[in-house]
Amino acid sequence: MAKVLMKGNEALAEAAIQAGCRHYFGYPITPQNEVTAYMAKRMPEVGGVFLQAESEVSAINMVYGAGGAGARVLITSSSPGISLMQEGISYIAGAEVPCVIANIMRGGPGLGGIQPSQSDYFQATKGGGHGDYKLIVLAPSTIQEMAELVQQAFHIADKYRNPVMILGDGMLGQMMEPVDFDILKKEENKIEEKPWATTGKGTRNKRNIINSLELDPQILEKHNIEIFKKYQKAAKEEVRYEMTNCEEAEIILVAYGTIARVAKNAIEIAKRENIKVGLIRPISLWPFPEEPFKKTKDHVKAYLTIEMSMGQMIEDVKIAVNGQKEVYFYGRVGGMVPEPMAILEEIKKIRGKK
Amino acid sequence: MTVVFQKTKGLTDTPFHYCPGCTHGIVHRLVAETMEELGVLDKAIGVAPVGCAVFAYEYFNCDMQEAAHGRAPAVATGIKRVHPDKIVFTYQGDGDLAAIGTAETVHAAARGENITVIFINNAIYGMTGGQMAPTSLIGQETLTTPYGRKPETNGYPIKMCEMLSTLEGAAYIERVSVYDVKHVLNAKKAIKNAFKAQINKKGFSMIEVLSSCPTNWGMSPNEALKWIKDKMEQYYPLGVYKNTLEEEK
Amino acid sequence: MEERIIFAGFGGQGIMSMGLIMSYAGMMDGKNVSWLPSYGPEMRGGTANCHVTISDEPVGSPIINEATVVVAMNRPSLEKYEQDIVKGGLLLINSSLITIEHKRRDIEVYRIPTNDIANQLGNLKVANSIMIGVLMGLKNMISEAAIKISFGKVFEGKENLIPLNIKAYERGKEFISSISSQLVAR
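Residue numbers (our numbering), protein chains in the order written: chain R, 1106 to 1459; chain C, 929 to 1177; chain P, 1175 to 1360.
Next comes chain R alone, as it looks inside the complex (with noise of 0.2 Å):
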């Protein structure tokens, strides 16, 4: 398969098919509905399953069954559909069930609108449902970049036996580019033995229980250290960021998945006007990257958080920079999106300080 122009919901979909996915579940709703319709045309060509669950509660509940059953399986929805699932995605870490689970992002709150957004990432990174739980989330910035990192997902989450987030906003999930199938790596599609899985005992002298109830507070609290471990395993292990002309920058952009990309027209418009301006782009939103943060403190001036929310982000940033340098934010919200001439403008005011 050489190049295809495709959406970031179609890559999706694909993506998570050539990593051996066979179970789908999903509501439709707008900006994610072209994975729902990929997924009912492609999965039964793979004799795979699409189901379209009756709400977004039924769904992720099929596939709390189906991943603890011991299927790769997959999820989307875009903002108002994963606030409805959160009930579920606790259970779902609670009870160590791996799946994938995708948010293409819209404005809110409430229903709010169906253009892109970024105000789901407390939801996304800080828990969502009840309990102590993480979720790995990662965040493309390109169409190639969503099928990569769909595909590394399910790898992570059978890792960890944990649900793992791509989130990603509207115009990622609308947009077109090229993708490049080939260049995945394979290896992340081979799908391990599963020997907790309820697969019916057949053989087995243990009976397999996924369970996330707990009435002896000893024992829960033993199985939330057990679940912390994992996660600073994944906090070792999973981080993934990008920076961008970081080396000698005065200020320093702090942007994910489509802004980044905004906020490189900035820096480019930046250079222009002899600004040195860089940028650090986290791909897992958790863990949070914070090595890079620590790499460029000398010559840095001050961080600019942007984003499409009322600031949501930066307050990890905030927590990595830890107080040695200011950290600033700029952000649009309910659909409107930074443009890189109002970021340089930030990033001259920032420059007017003392």
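Don't read these hints as lab results, they were simulated from the structure.
Keep in mind that this is a model prediction, so the values were computed, not measured.
Ideal Cβ placement from N, Cα and C applies to all residues, glycine included.
Do not take every clue at face value.
As a list, the in silico DSS-like pairs of lysine-lysine whose alpha-carbon atoms are at most 30 Å apart [to be verified]: (1) R:K1306 / R:K1327; (2) P:K1327 / R:K1290; (3) C:K1087 / C:K1154; (4) P:K1332 / R:K1108; (5) R:K1454 / R:K1430; (6) R:K1306 / C:K937; (7) R:K1146 / P:K1322.
Taking beta-carbon pairs under 8 Å as the criterion, some of the chain P residues facing chain R (in silico) [unchecked claim]: (8) Y1198; (9) V1207; (10) W1209; (11) L1210; (12) Y1213; (13) G1214; (14) G1234; (15) S1235; (16) I1237; (17) N1239.
Start from chain R and add chains C and P according to the hints.
Same frame as chain R, but now just chains C and P:
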């Protein structure tokens, strides 16, 4: 020595936590015996509910998943779609199946999802201490209907068998009870039919079992069994509501 | 080389297809491309637009704030996007539907009666392919061969429409070669 009765292999050795006089234990045994007799224990995957039977995964001697409140039919759907040749069942109470999980129940039936649902209707929320259930009878006193269930404020009890039997996807729907030996034996037959419907890939099967809750009804076990017969059965007539197994004969 | 093109018009004018034809062709020529559509209810009969970037470098923001080309197929599109064109950029106006004057004097502007030409060809729906011809006649951003394959790709499943659209495309090119020489003369 001739063995006249022994515990089914379908149950683990874990002692039940149910209250004295509760009929959950009987129904557990019937489901377990059925699976053993049909030879499907090794390929059975059960889904436990939230409610009094929340620990069902401790008792059934097969692979189990514990679902969130009301979501068992969705979880079972996920499992069955991964393992279409395995036997997948849920075990749910009235609050779980007919209140918070109504959508999951109705749509699993509408899809003709090839799973078996065991539905314990005891007209009350047991685990949380005796609140009104969607199946509580008119006039029934509960923690949340201290003056009796009134249609003006609480509406009417839901008849799930009648509702679901209207759906094309439903293959076998029967309402039974367990208030005496005769009815227990009949309940066993019904549960077996439901599993057979699944084995024969007929579609969705559900057995509603009118059950007792002496603790939360505030009755002795005997009074409770009598209440099922005198009160519940009047509103919830026993019988087969849908049977596509017959069509083959 | 980097071209940042905004195609805009009514839903139903084939705006998305124009963008797709250029994007496919760009990809086949080995360029980096991105195609960003407007989406939602506005696509059903309201205004529609798509942003297409064709570049030798990896594409930065898929959203175009500084367009090198704007193709305005109706009046609201002209009013909305004229200001977004870079100095020296290109503005193509569908003069069959847009009777008002453009305002900018620092850009190159062509008025093409695309609907009228399409009607002469017997199908109003090929107005968009005429515009592609015009654009290709003016800007040598992708190869002729790639464009032709691209028509086949975009009209997959509706192959009977391809010859007429290619014809419309050629007509667009012819139109612009005649008009450009006039401009040079003036």
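Hint check:
At most 30 Å may separate the alpha-carbon atoms for a hinted pair to count; K1306 (chain R) and K1327 (chain R) meet this at roughly 27 Å. Restraint check: the Cα-Cα separation between K1327 (chain P) and K1290 (chain R) comes to about 28 Å, which is no more than 30 Å; the hinted pair holds. As the CA atoms of K1087 (chain C) and K1154 (chain C) are separated by approximately 20 Å, the hinted pair is consistent with the 30 Å bound. A C-alpha spacing of about 23 Å is found between K1332 (chain P) and K1108 (chain R), which places the hinted pair at or below 30 Å, so the restraint holds.
For the given pair, K1454 (chain R) sits about 16 Å from K1430 (chain R) by alpha-carbon distance, which is consistent with the 30 Å threshold. Among the hinted pairs, K1306 (chain R) with K937 (chain C) is consistent with the structure: their alpha-carbon atoms are about 13 Å apart, no more than 30 Å. At most 30 Å may separate the alpha-carbon atoms for a hinted pair to count; K1146 (chain R) and K1322 (chain P) meet this at roughly 28 Å. For Y1198 (chain P), the suggested interface contact is upheld, since its CB lies about 6 Å from the closest CB of chain R, less than 8 Å.
Taking 8 Å as the C-beta cut-off, the interface hint given for V1207 (chain P) holds, the closest approach to chain R being about 6 Å. At its closest, the beta carbon of W1209 (chain P) sits 4 Å from a beta carbon of chain R; the interface hint therefore holds under the 8 Å criterion. For L1210 (chain P), the interface hint holds, the least distance from its beta-carbon to any beta-carbon of chain R being 4 Å, beneath 8 Å. The interface hint given for Y1213 (chain P) is met, as the beta carbon of that residue sits about 5 Å from the closest beta carbon of chain R, less than 8 Å.
Checking G1214 (chain P) against chain R by beta carbon gives a least distance of about 5 Å; that is within 8 Å, so the hint holds. Because the smallest distance between the Cβ of G1234 (chain P) and any Cβ of chain R comes to about 4 Å, under 8 Å, the interface hint for this residue holds. About 4 Å separates the beta-carbon of S1235 (chain P) from the nearest beta-carbon of chain R, less than 8 Å, and the hint is met. Checking I1237 (chain P) against chain R by beta carbon gives a least distance of about 6 Å; that is within 8 Å, so the hint holds.
A least Cβ separation of about 5 Å between N1239 (chain P) and chain R falls short of the 8 Å threshold, and the interface hint therefore holds.
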